[in-house]
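Asker: Residue strings, one per chain:
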Amino acid sequence: MRIPLSWLNDYVSLEGVSPRELADRLTFSGLEIEGIETIGSDYKGCVAAEVTAIRPHPNADKLRLVTVARGAEAPLEVVCGAPNVELGMKVALATIGAVLANGLVIKPAKIRGVPSSGMLCAEDELGLSADHGGLLRLPAEAVPGTPLSKILGPPEAVLVAEVTPNRPDCLSLIGIAREVGALLGRPVKRPSVEAPETGAPAAARIAVAIEDPELCPRYTARLLTGLAVGPSPEWMKKRLQLAGLRAISNVVDITNYVMLECGHPLHAFDLRRVRGERIVVRRARDGEVMKTLDGVERKLGARMLMICDAERPVALAGIMGGEESGIADDTAEVLLESACFQPAGIRWTSKALGLTSESAYRFERGADVLGADWAGRRAAALMAAHAGATIARGSVDAFPTPPRKKRVTLRFSRARDLLGMPLEPAVMTAIFRSLELGLAAADAESVTVEVPTFRVDLAQEVDLIEEVARIHGLDRIPAPAPTARLVPDATDRPVRARLEISRQLAGLGLCEIMNYTFTSDKLLNLFDPGGAAGRVKLPNPISADQTILRPSLIPQLVETLGRNRSRQRAEAALFEAGRVFTLKADGSFAETDMVALGLMGKAGRGVMDRGQAPGEEESFAWLKGLLESVCATLRVPVRRAGGMRLANPVFESAELPWAEPGMGARVLLNGTVCGVAGVLRSSIAREWRITEPVAVAELDAAMLGGHVFDVPASRPIPAYPSVERDVALIVAESVRYEDILQAILKQAPGELRQVRLFDVYRGEHVGPGRKSMACTLTYQSHEKTLTDEEANGYHNSIKAGIASDLQAEIRE
Amino acid sequence: MKANDIQELKRQALDEAAAAPTADALEAVRVKYLGRKGLLPDIMTGLKDMDPAERPLAGRYANELKQELGDTLAVRREAIEAAGRAAHRAPFDGTLPGNWRACGSRHPVSQVIEEAVRIFHGLGFTVADGPDLETEWHNFDALNTPADHPSRDVQDTFWLNDKTLLRTQTSPVQIRVMEGRRPPVRIIAPGRCYRRDTTDATHSANFHQIEGLYVDRQVSMADLKGDITHFAREMMGADVKVRFRPHFFPFTEPSVEYDFSCHMCKGAGCRVCKQSGWIEISGAGMVNPRVFANVGYEPEAFTGYAFGMGVERIAMIKFGIEDIRLLYENDVRFLEQFS
Ligand SMILES: [Zn+2]
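Taken in sequence, the protein lines are chains D and Z. For what it's worth, my numbering labels the leading residue of the first sequence as 1, then goes sequentially. For what it's worth, my numbering labels the leading residue of the second sequence as 813, then goes sequentially.
In short, the hints are calculated from the structure, not lab data. One should not assume that every hint holds.
[What the hints assert, rightly or not] In silico DSS-like cross-links for lysine-lysine, where the CA-CA straight-line distance does not exceed 25 Å:
{"#": "1", "chain 1": "Z", "residue 1": "Lys975", "chain 2": "D", "residue 2": "Lys584"}
{"#": "2", "chain 1": "D", "residue 1": "Lys351", "chain 2": "Z", "residue 2": "Lys878"}
{"#": "3", "chain 1": "D", "residue 1": "Lys537", "chain 2": "Z", "residue 2": "Lys975"}
[Said to hold, decoys possible] Over the 12 Å line for every Cβ pair with chain Z, so calculated as not near, a few chain D residues:
{"#": "4", "residue": "Phe399"}
{"#": "5", "residue": "Ala441"}
{"#": "6", "residue": "Thr448"}
{"#": "7", "residue": "Gly473"}
Using N, Cα and C, we set each Cβ at its ideal position, and we do this for glycine too.
Given these sequences and hints, build the entire structure.
Answerer: In structure tokens form, the structure reads like this:
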């Protein structure tokens, strides 16, 4: 909503209040002022001039040499490029030394070799608008040589307000004046609507029937005869332009002017085009069509409310008139509509047709049903004054069910409690009075307000408390230091456990990423070609690559690795904590919090250890190590076998659609599958030109973080020293470390505490198809210091067991 | 011998020990004074013949000689040995690059969430959670959103079917928490939200909010102002100011929007605050009694405040990030800045 301040000043005095001050007062009372525009300037050095001669420019086709007369002073020749310059035209001339609104200083100049001693101005150069389409055309009666400021007036300040949808009353200058009056404590003046109604009674000629009173609670019609369509007076054109509307003709401009003034949209029909001189407000019939004022043929539907004449639709109720029934140059009789329409109906129709207008904008927020008559009278009075209209006596007012009076009571103590500040009853009632809310009753404890129909937003006690707060000033409500209050039985451990996972992963050196929830079948199919059935599809996606709610964090994680790879990051250790979505067989949706990790390249190596490219086993081992560390820091219970602690989680070999064959695993915690891990298929990695191994895992966050709040139990530390013994064995390549571990465990005495692999070797010393693996075994007793003989005894039987179980050659 | 002679002897011994150039020379000093036939045993034997008046002092001095010389010998011995070790070793290069695994980093959005959780924990708020896939009831109806409100449109909201949608705000968590328990309620709820906005420098179709809700018997707008102001100072800096402007939201009444004074320029005007000195943060207000009625709380008995804030927005102004898309591009070079 644009608020020209010179216009607003008609209704409430703005004397002594700067535009900036006014903007702040309004913003801090709930009418947000987004900008203050200054239209025009003091036009120093600019005068009116008349074009007296036009010659072609000798060196440029698009330029012309224009001679202008400027009263007493000698005529000037200026170079001009505007397309609309013509003989006899009155133009704005900036003489040498003038400073234009855009800061340009006019100096003597040669343009393409011809001297120019001034400039003819377009609207943008004068700060009137952004228009640079041609020269500003001054009124024909402008006298050459007159300072421009005398013709265009002083610069105008316009506030640009963003009106919240609950305050349609502020979509008008009088509504805003009411706010200003309340804030500044100044009276609000309304213009007169008194005008002699000298015509025959309106009801004798025109008739109105409302067939759908739910969608149209009121329809008033006035009749104006003998009018002449022509241009509006300059002041009205200027005000409309400042408010952002284009001037069209006096009749149309007056309906717009009154709408901006009081907020009530009006419509003027050419009575010749209203068949039967009768208005019927009804829903459209299926298949009906009508061409609206904008020239578009509209297909109408049965939910749309139409203004019809005796035969067919003449306007889309509250939104736009029909082209045929609009005001023409020769219109002499006008049926002036001032009606009220149900907001929801207008909103629906406007949306269904993709058609909006100043009128629809106001009706869909709620117009003042009791204000309809005033608006009609005001427009009629203006048409009498500026279009020579004769006003028919009275109006036709179809108003089936006038609204009941709405009363709301405010308890003073409730207002004080809710706002948290002391407030005198007199202060509150004065605020209501200043806002033109009727006071129906008052006592020491409360006041009852009769809500005027223009305030569609006031329905409950809290609405009145808000009026008090915003007019009194939110800045006057105290902001005390907070008081910490605990809610004894409230718990947030599950959420905090998830946050803890991210903290630990960052602590372990991973970089947290965040991807969109939306992804595409194309990306997902790369990772899981058979998974389409379980995906949640968006019926109204925003773009073709954002059609699916991600069922896994892995595809985007790998995509992110690839994006970084293309930006010269050949190694990265990333994680994301986020939600994934799946479609269940019964059609319902499931959402789960997951955590995904991805390692690319030499992410697990130290700074100095860069020589060799990492292998898949090495990458996978880093991933395992990370998961083991994070499980430990998240207090996942320790796994034990005999006297030994074993690593958590457990990796169970499994084929995964995105993992290189043989390089995938299910990840188990406490015997339950909680996720997957594996080395990315090189065919997928190639999509992003990743040549380094990529190890990826995805785990259920609730399971992973399920023990964060467990309390670790203290155990006594061993009282007796431990004994270490190494074993080195040569086995076939097919023997896995787990096989060796199991063979050791099979023979292990209760005194075996730990098995630690410290070397894997392949090469000429062990021969082809075989490898050497070396482990340190730690023995320790809870009862005594182990002797060498005892330790050797345990160790030898383990070695013998491995040798026979795995056909291993034990190296001594 | 007099007590003072022992003092003199101590000085001499300490000087000799400190000056001994080699391990052998040092050993010679030790033998000279502390050896079985050295000077100290002599003194000890001589004590009994001394003037009884002077004897205690002499005894103390003798013990000091033994103690201090022993200490000096040990220090000097380690110095001689260290010099010897260094002579047999390649030079030590302490300028080699540090070698430990890289430090990780939290995403800026997570950092803001963690920080908000920390601040509100301090005030006794707990963290609540709700689903991303919401019902129309929790996301709109219960929050007093009019049935034909534009935010419900398929233009603005991602609907999965006619009952389920991707939540457009974290406010439905308010409803879920209130449906699940009686007051007092004191929660914040960080989470992802979705709107059909075209992505640009300041909009993203998925984004994060932090919802706050406090319901009890005497919660006031003053509490809201105080708590938000505390949050602003903890999050953005101790000298940040907060201002409140009336606004409109269906689920609060009165409703406000609030701005923080610019932490970058201290209110003088800069790029981050678009020269205004203030940064628009988000909306808040007193819970609309209709919302209480929708969750079965007695609107007469309880009052409460609620607020919601955009996490990306706070992260962008806190860290000076100019384009929201950087937050979802996951360029490691960008993210590592926030370690
Ligand atoms: Zn700033």
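Asker: Does each hint hold? Answer for all of them.
Answerer: Hint by hint, here is what the structure shows:
1. Z:Lys975 with D:Lys584: Distance of about 16 Å is within 25 Å: holds.
2. D:Lys351 with Z:Lys878: Not OK: D:Lys351 and Z:Lys878 at ~103 Å, beyond 25 Å, violated.
3. D:Lys537 with Z:Lys975: holds, 15 Å
4. Phe399: holds, 25 Å
5. Ala441: holds, 21 Å
6. Thr448: Consistent with the label, D:Thr448 stays out of reach of chain Z, its closest Cβ about 18 Å off (over 12 Å).
7. Gly473: violated, 10 Å
The structure does not agree with the numbered hints 2, 7 stated previously, though it agrees with the rest.
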